[in-house]
Amino acid sequence: MTSSPAVTATGSSAGRPALPLPRCCASCSWSSGPPCFQRKNNAWLRCRWRIENAFKYLSAHHGIDWLCDYTAKLIDDERIVDNPARKAAGRAVKAAEAGLAGAERHLAQLLASAQSAAEKNKAIPAAQDTITRAKQTVAAARTARDAIPAKIAVNQAHPGAQRALLSAGRRGLQMVLRLLAANAELWLAGRLNAYLRDPDEYRAITRHLLHQPGHIAYYPGAITVILDPPDSARTGRALARLIEEFNSTPPRMPGDPRPITYRLAASS
Numbered sequence: 001m002t003s004s005p006a007v008t009a010t011g012s013s014a015g016r017p018a019l020p021l022p023r024c025c026a027s028c029s030w031s032s033g034p035p036c037f038q039r040k041n042n043a044w045l046r047c048r049w050r051i052e053n054a055f056k057y058l059s060a061h062h063g064i065d066w067l068c069d070y071t072a073k074l075i076d077d078e079r080i081v082d083n084p085a086r087k088a089a090g091r092a093v094k095a096a097e098a099g100l101a102g103a104e105r106h107l108a109q110l111l112a113s114a115q116s117a118a119e120k121n122k123a124i125p126a127a128q129d130t131i132t133r134a135k136q137t138v139a140a141a142r143t144a145r146d147a148i149p150a151k152i153a154v155n156q157a158h159p160g161a162q163r164a165l166l167s168a169g170r171r172g173l174q175m176v177l178r179l180l181a182a183n184a185e186l187w188l189a190g191r192l193n194a195y196l197r198d199p200d201e202y203r204a205i206t207r208h209l210l211h212q213p214g215h216i217a218y219y220p221g222a223i224t225v226i227l228d229p230p231d232s233a234r235t236g237r238a239l240a241r242l243i244e245e246f247n248s249t250p251p252r253m254p255g256d257p258r259p260i261t262y263r264l265a266a267s268s
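First residue of the sequence shown? That's 1 in the working numbering, and the numbers climb one at a time after it.
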């Protein structure tokens, strides 16, 4: 009774050479888990998914793809486009080439016709002259076409053409502010979740709290933000703990030395 051929880690039989496993270090082994290159590949894929999810979140909640400013200025339209004159010259070349092909076909038909040799000899010079003139027309058309640039600016094809150019500086400022708001929301959500302990819904809860009603009281020595308590008691307790953390080191607005403190309004 013969034993079956042994199978190596790569699945090859004893009759075939085993392919080496692609490993990046000596610690890689199938018994201790996937090789390093697989773990790195999985990490790269997760990073890619995180990037895609981040862009989706920024688009849905912070409008990074919104065009909120239509301030623009008119400039000369210098975009490069196909030259209409070149296209017309190209059509003239094609027409001349078609005429040359027709003249050559006419000569071929004349030679293959049932006319007598004398009649053919009499008609051949005229057909050849037609072909010569057609070749000269083709050469002239090609020369004229080659002298015309293939691409020109729009305002050269259409004098006085202009286009609107949106202000990139204002758009860039809006993008910076939106990204700052997204980073602030992410940081705030992380601090809230330290007390909320809800890894599934803490981002949504933070977004809702950002729209929580309340009022701001301005005093000569301080600014107080009074928030209405949220409907959920659990969220209210977490928000109260977060407010205590903020009030331990009150923030300040740029250019205003007054500290900003927060508190929850008394429940009615």
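Worth flagging that the hints you see were computed from the coordinates, not collected in a lab. Be careful, since some hints might not be right.
Here are the computed lysine to aspartate or glutamate pairs in the EDC-like style, where the Cα-Cα straight-line distance is at most 16 Å [to be verified]:
| no. | residue 1 | residue 2 |
| --- | --- | --- |
| 1 | Lys94 | Asp146 |
| 2 | Lys120 | Glu104 |
| 3 | Lys135 | Glu185 |
| 4 | Lys135 | Glu97 |
| 5 | Lys151 | Glu97 |
| 6 | Lys151 | Asp65 |
| 7 | Lys87 | Asp129 |
| 8 | Lys151 | Glu104 |
Evaluated hints:
1. Lys94 - Asp146: holds, 14 Å
2. Lys120 - Glu104: It holds: about 15 Å lies between the C-alpha atoms, which stays within 16 Å.
3. Lys135 - Glu185: Roughly 75 Å separates the two Cα atoms, so the pair is violated.
4. Lys135 - Glu97: holds, 8 Å
5. Lys151 - Glu97: violated, 23 Å
6. Lys151 - Asp65: Not satisfied, since the Cα-Cα distance of roughly 33 Å exceeds 16 Å.
7. Lys87 - Asp129: violated, 29 Å
8. Lys151 - Glu104: Measuring from Cα to Cα gives roughly 34 Å; hence the hint is violated.
The structure fails to meet hints 3, 5, 6, 7 and 8 from the earlier list, while all remaining hints are met.
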